Each structure stands twice: as structure tokens, then as C-alpha cells.
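Respectively, the protein sequence lines represent chains A and B.
Read in the numbering used here, the first sequence has 8 at position 8, and its numbers run on one by one without any break.
Read in the numbering used here, the second sequence has 91 at position 91, and its numbers run on one by one without any break.
Derived from the structure by calculation, the hints contain no laboratory data.
In this text, all values refer to a predicted model and were calculated from it rather than measured experimentally.
Watch out, some of these pointers could steer you wrong.
Said to hold, decoys possible - Non-contacting residues of chain B with respect to chain A, defined by C-beta distances greater than 10 Å in every case (computed):
(1) Ile32
(2) Ile75
(3) Leu77
(4) Val111
(5) Glu123
(6) Val136
Unchecked claim - Distance windows between CB atoms, simulated:
(7) Lys279(A) to Ile6(B): 43 to 53 Å
(8) Lys269(A) to Ile143(B): 29 to 39 Å
(9) Leu11(B) to Asn281(A): 52 to 62 Å
(10) Glu48(B) to Gly351(A): 45 to 55 Å
(11) Gly255(A) to Asp31(B): 39 to 49 Å
(12) His135(B) to Asn320(A): 18 to 28 Å
(13) Glu39(B) to Asn396(A): 20 to 30 Å
Note that beta-carbon positions come from the ideal geometry of N, C-alpha and C, so glycine has one too.
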Amino acid sequence: MRCNCLTGILIIPIILILFFVSCQRPKKSEINFEVSIDSVILEKWTGDPACVKFLELDASMYVYLLNSSTDEIYRQQIKPDKNSKPEIIAMPSQLRENQITGFQQASSLLPLNSDSIVIAQKNDDFSYLLSLLVVSTGNIDTLCLLKTDNRIFFEQMPDDGINWKYDKNSGKIFLGIVRQDNYGLRTYDLDTEMMATIDVNTGDFTILPLKYPRNYKEKYLSNFGRSEYFCINDSLVILTLAMHDTALVYNMESGIIENKLLATKQERKFLLLSSTDFKENNSDKVRDFSLRTFRYLSVVYNPYTHKYYRFYELFMPEKNDKGLYNIWLDKQFGFTCYDENFNYLGDFVIGNKGMTNISFLGNSVATESGLLVFLNFNQTNGKITKNNVLRLMRINDGN
Amino acid sequence: MGINKIGIYMLLVLSVFVMSCKNKPLYDKEDILMKYLHEKHDYILEQENCGLLIYRKPFACSQVFDEMLINDLNIILSQQKPSVLYVISDFAMVNDSVKKYTRYNNIKYIVEDYYCLDRYGFEISPKLFIINKKHVVFWKKLIPVCEGANSSSTGKP
């Protein structure tokens, strides 16, 4: 009897402690989404696209691809389970004439509406010519010319060309830039500006007062580091960085910049690359930085669901259970969801990159029928194929 | 007595240091290299003084070996004199000059899956090993000229 009492006295506090600990542990909210993969067959397409962009027109979704080698733009409507006929838009001869003055082939495009496309040509790292093409007339005019002396570097995204978006409400193009004050350096100063706008009507180029956070350690060392993502919600520009939890939220009307915590509740382990390791080509460190680190990817606002989605790749251990190296096919990715006021709603892990054949997740767009994410062009099970298939992932709210 | 204790302690430290130096392989990833060879190409381990050139082709490059790199390779082969050279890469070397210009005759080519090489930690830069009695007795990383070939895993096929 005495023994039972003692056991009871001992067990009750243990149960209470366990209960208390379980209550204290941060809960990771799980939310449900439906994920499906769409395959769009691109008829009459040849080569590799220099740039893939999407445009929603009257509840229909169109994909635009730039073919630099043939000087053509390819436009096709995306219809689930149905292939639509493509439209080939020949680029005016003016673009080729620009090449005589030193500009390269068109490297990126941005559709504004059904009849207008902005096309970018590069001269050197700091010189860009942006031209506005009116499809119906074939007319092309210079929208904006950025000269080398301005020392403005356009942020480039893999598989997507320039990191730019068009906001039809303000009539402005928003683009990721780096303003390089120290011309001779490739590692940019921490207080470098990050974004600019171009007014489509006037061509005015304006640098927004958004600067790198002081504590942001990731330097612009290589292509791996080009990692600014942004989305627009009415008058708000939400700017995020791959290696940072906090978003910079810029109100275009009031000019106020606020920091908002847009962190996931997944384990975050940032593996950084020092300039020494990069310069000395420390292959293990480069591999860690490019492959294994936790990193945030694109951020999207969906006006149809009034939610923000911040994509990420999870941290990956160096080796698997068999003692072999984990590779990019194994890397898990997903997103965190927030409401309109940046309140955390939950995390959703989609799967690994091998499962979806996704090599880079930077190009995603909100549509009436869900989020559309560009996965890849001509890849099946991680292998390059030549079947002219564009793969897209569609994400719909499940609750 | 105190001096004796210090002496014994120093001897112990020294012997541990000597042992650790002795056991350290010449190539720090020898264990996973041997694991790969054991699981995929066991016959290579049975060879004596055999050469192994292993690399992955960078996505952006049509070929890895240019004449300078071949020259480096020829110099090492003439010095090390392996009985046979196995060349393992992730693509058939139809256009690659390693086949055309090397002066070495006894070469055996093996095409391996890209992701298999990635899983065993092989970099894009070619590495040449001389393997004897299941140990690496010589190795050298060759730096290719081809742009993009210096990086490790690119995250893209």
C-alpha cells in the first residue's frame, strides 16, 4: 500500500511534466493542399527556352517562351488535359540591328498583356536595352536603356532570365537589381539597393529604397547566390532573401518599409559559403552551399485566396542511410503559408525534387485555378529528354 | 618518478600521433571510392597498379578534355606507368579528346550513370587515381578548362 502511494506520488509529477513539455513544444501547423503535375506539349518548338513566363488573360493561362536562337517568341494557352495550338511571334528586325551596336540576343521577356511584350537585350553586365513590342502591329520601341555607367546589375534567375514582374495596377515593371557602387568588385556591399521599377508609360527607371539587411551574410559570389524573390499585393512589395527569415515589406503609397517575419517552422540550417572557400573552389563547401543548405525560394501572393506562399528547400544531411551522398534528387521542398496580414497558417512539404523533376523553383504564378509552378522543360526522372514537354505543378488549397 | 610519468605520457601521445598518421589514407575520400569500386566494379580492385580516371561531364560542356588537360594526363601516366587505365564518366566519349589524343594504349572505358557518380561523391573535375592493393597510392585532380566544369554538384543534370 505504501509502495503504491510512492509510485503514485512519483508518476503524477512525471505525467504532469510530460504534459507541460508537450504543451510548450512549438506546434508545426499542417495544412492541406492538392498538388498535381500538368504536362504541356509544345508543338513546333525547337531548342531550349531562354526564358519561360506566364500570363493570365481572362481566366486563361498562357505560357511565353523565348527562343533566342531563332529570334522568336512562342505563346501557347495552357489547358488541362488538352493541347492548344501555339502562336509564333517573330521578333522585329530591330532587335537584330541592335546587335550590331553591341547588344546580344534577346535574353529575357516579360508579357504585359495580350498585345505587349517587353524584351531585354544585354550589352555587358551593367548595360541593358529594354524594348516594348506591340504584337498586333509588330512595332517595337525602346522602353528603357540602362547604361554601363549606372552600375546597375539585373538579377538573373536560372531558367527565367531577368527577375522581373509586371504589376498592371500601377503600370510598373518591378525588377530585382543590384546597384553596384564599387565597380571593381563582384561581392557587393551589404547596403546595395535591391529593387527598381520601370514605368511602362514613361520608361522612367526608379530605384526603390530597399537595401540588404545589415545582418545578411550571404554574399553575391556566384549564380547560387542570386536569390532575391518578391511578390506584389496591391500597394505592397514583399521582398525576401534566400537565407533570411524576414521579409521587407514596402508600401509604395506611404513609402514605409516594414520587416515581417515570414519564417517556416521547419528546421532551418543555413550553410554559407565564405569568399575564401569560393575563390579557392573548396568543392565540399560549394557543394554544401549549392546543394544541402536550407534556402528560401520564391514568394507568391495569391489574390484569389488572399494568402502568401513562401517556398523553400529543406536542409539535407550529407549522406543517406546507406552511407552514400544525398544528391539534388533527394532534396525536399515545400512552402509556408501566411494570411494577408502575414500570420503563419502552416507548412506543407510537397516532396523531393526527384519526384517532381524540379531543378530550380523560382518561377511561380498565382492563377484563379491555383498556384502554377514552372517545374522544368524536357526532363523526365532527372534525365534530359527531347519531347518538348513543359512540366508545371498546380497547387490548390485543400481546406 | 615525475619525469618518468611525463616521459610515458609523451610516449603515449607520440605513438597515438604516429598511429593516426599511419592510418590516414592518402586520399581522404578513399573509403567511399573503395565502396564504389567494390559495389560497381570489383574487378578494378583486383588489378595491381591500375589507373582510374573518373569524372562527370558538366551540363554546359560538350567535352571536358582539351589538349592541355590531355598533356597533363599523359605526363602523369608516363610517370606512374599503370598497368591499365580505367576511364569512368557519365557519358559516352564520342567527341571527347581523351580517346583521341592520349598516348596510352591500354585504356578501358566505362559509362556510368550520372546520379550514381554523384551519389558516390565524384566531382565534375576529373580525378586520376593510381590504385594498388585496394588503396590509393597516388591521386591528382585535373582542372578542366571548360567553363562551368570547376564546380561540384550543380544541382542540374
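Practice problem: Taking the numbered hints from earlier one at a time, note which ones the structure violates and give those numbers from smallest to largest. | Solution: 1, 5, 9, 11, 13
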